[in-house]
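Heads up: the protein sequence lines correspond to chains A and B, in order. Residue numbering for the first sequence follows this note's numbering, beginning at 1 and increasing consecutively. Residue numbering for the second sequence follows this note's numbering, beginning at 1 and increasing consecutively.
Calculated directly from the structure, the hints in this document are not laboratory data. Don't be surprised by glycine CBs; every beta carbon is placed ideally from N, CA and C.
Below, computed lysine-lysine pairings styled on DSBU-like, alpha-carbon distance capped at 30 angstroms:
1. Lys117(A) with Lys57(A)
2. Lys117(A) with Lys240(B)
3. Lys43(A) with Lys57(A)
4. Lys212(B) with Lys117(A)
5. Lys117(A) with Lys43(A)
6. Lys42(A) with Lys117(A)
7. Lys241(B) with Lys212(B)
8. Lys117(A) with Lys241(B)
9. Lys240(B) with Lys250(B)
10. Lys250(B) with Lys117(A)
Far from chain B, by Cβ distances over 10 angstroms, these chain A residues were calculated:
11. Ser50
12. Thr59
13. Lys62
14. Asp71
Listed here are the chains, written in short residue letters.
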Amino acid sequence: MRPMFLILWANLGFADPLEDGKDAVDAVHVVVTADAIAVDGKKVVTLDTSSGISRIKETDLKAHLIEPLFDHLNGLRGETSGGQTPVVTLEALPETRFHVLRAVMSTAGQAELGAFKFVVTGMPVE
Amino acid sequence: MSALRSPFPALRSLLWLAWMLSACAATSAPTCDDAEIITALAAADAAPADNQVRIVMGWLDLACTGTELRGERASVEIREAIAREDVRKDSSAWNTACIGGTDVLDELSDLPDEKRAAHAVDRCGLERLGIDTEIARGWQGDLVLYITAVGLAQGLDASRQGMIMDILRRPVAVRPEPTTVPPEELNLAVAITPSGFRVTASEVDPVDLPCKQKGCTIEPRDIQSVRAAYDFEGLRRVAKKLKDRHPAEKNVIIVPHGDLEYVVVVESMNVLREDPSGPADADGECEGRCLFPYVVLAGGAP
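Model the full assembly from the supplied sequences, consistent with the hints where possible.
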C-alpha cells in the first residue's frame, strides 16, 4: 500500500490561533496529543505510549486506516452542509511522529476530508 | 533597401528589379543577365510571401556572379544599410544577421585563400541553421541570407559560388502555427530522512542536503533547534532556484520518513511554501514570494 499520497492544500503555522467562531461545518479540528487523538474536543482514539513514543494501537489500525477515527469522521460528514469539503485543522505536538500523522491524514482522506491546515502545538510563536 | 518594407509582393519585386538593374548597370562586365533576373522575380512572385525576397536574392546572387555586387560594393551596401537603419529593426535576429554579415566579411578577409572556401561554407551552413530556427519561432526574415551570401561571396572565387548557393536555396523551414507549448512539469519532490533532505526534480540531478548536526538531533525542543539540525537554508535556496526556472509551478511532493517529527515536516513545508525576503505575489496567496505552497504529502518510508 506504500507509498500512499494525500493531497493537501497546506496552510501552515506554528501554534497559529484557530479561527474562532468559524462555522463547524467548514472545519474539523483534530488534535494529536501524547496519548490520544481528539476530534473537535472529543477523545476518539487512545494511543499506545508503552514504548515511550506514541503509536496507534494495532487493534485500531487497519493498514493506514484508524478505524475509530474513520467512524467518527464519517459520521461528521452528515453534519456538513453546502457541499463544501471541510478543512481539517491538524494540531499535534512537535515530537509527534509522522507515521501517526500519516495514519490520521490517510483516515481523514478516506472519510473524504482531504484538505488540511497544520498547527504545531507547544512551540513558541515567532 | 527600404523597398523590402512594401507589403505588396509585386511592387516589392519591381523595386528589387530597379535596384538590381541600377546596381548591375554600375558594374563592369560580366553583368547580370536580365533573363535570370526575370526568372528570379517570377519565382519570387509564385512563392509564399516570406520567401520571396530570399528567392530573388538567391537567384540574383547566383546570376550576378562576378559582378561588383560581390565585391566592395556589397560590403558598402551592407554597411550603409546598417548605418541608415534602413532595415527591419523589429527583430534581434535581423540585427544579429547584419552584424554577422559584416563579421563574415572581416573573417574572410583575414583568412588565407585556401581556407576561405571551407570557412565560408561552414559559416553559411550555420547562418542558415540559425535563420531557420528564427523562422520556426515566427520571425519573417528576408534579407539575411542575401547579406550573408554577399559577405561570404566576397571571399570566394566564382567556381565555389555553387556550394554556397546550394545551401542558401535549400527549402526553408515552414513556420509552424503558433502553439502553446506546455511547460515541462517540474515534479519537485523533497524526501526528509533522519540524515537530511534529498531534493529531486525533472531537470536536475538530485540534491542532498545533509543534517547540520549529526543525526539531525533536535535538542532542546524548540524551533531554533529544529532549524539548527536541518539545512532549511539550503532547502529554500534550492527551492528558489527551481522556482526561478518554473515560475508557474506551485506543487511539491514531500516524502517524510515515518519516524520524522511533526515539527520538521511543518517547518519543511513552511520553507518550501514561500520566500519571506521576496516580493509578495499579486494574488496575495503568500506573504512573501510564493515558492511551492501546494503540498502533496507522500506516505514515505515506514
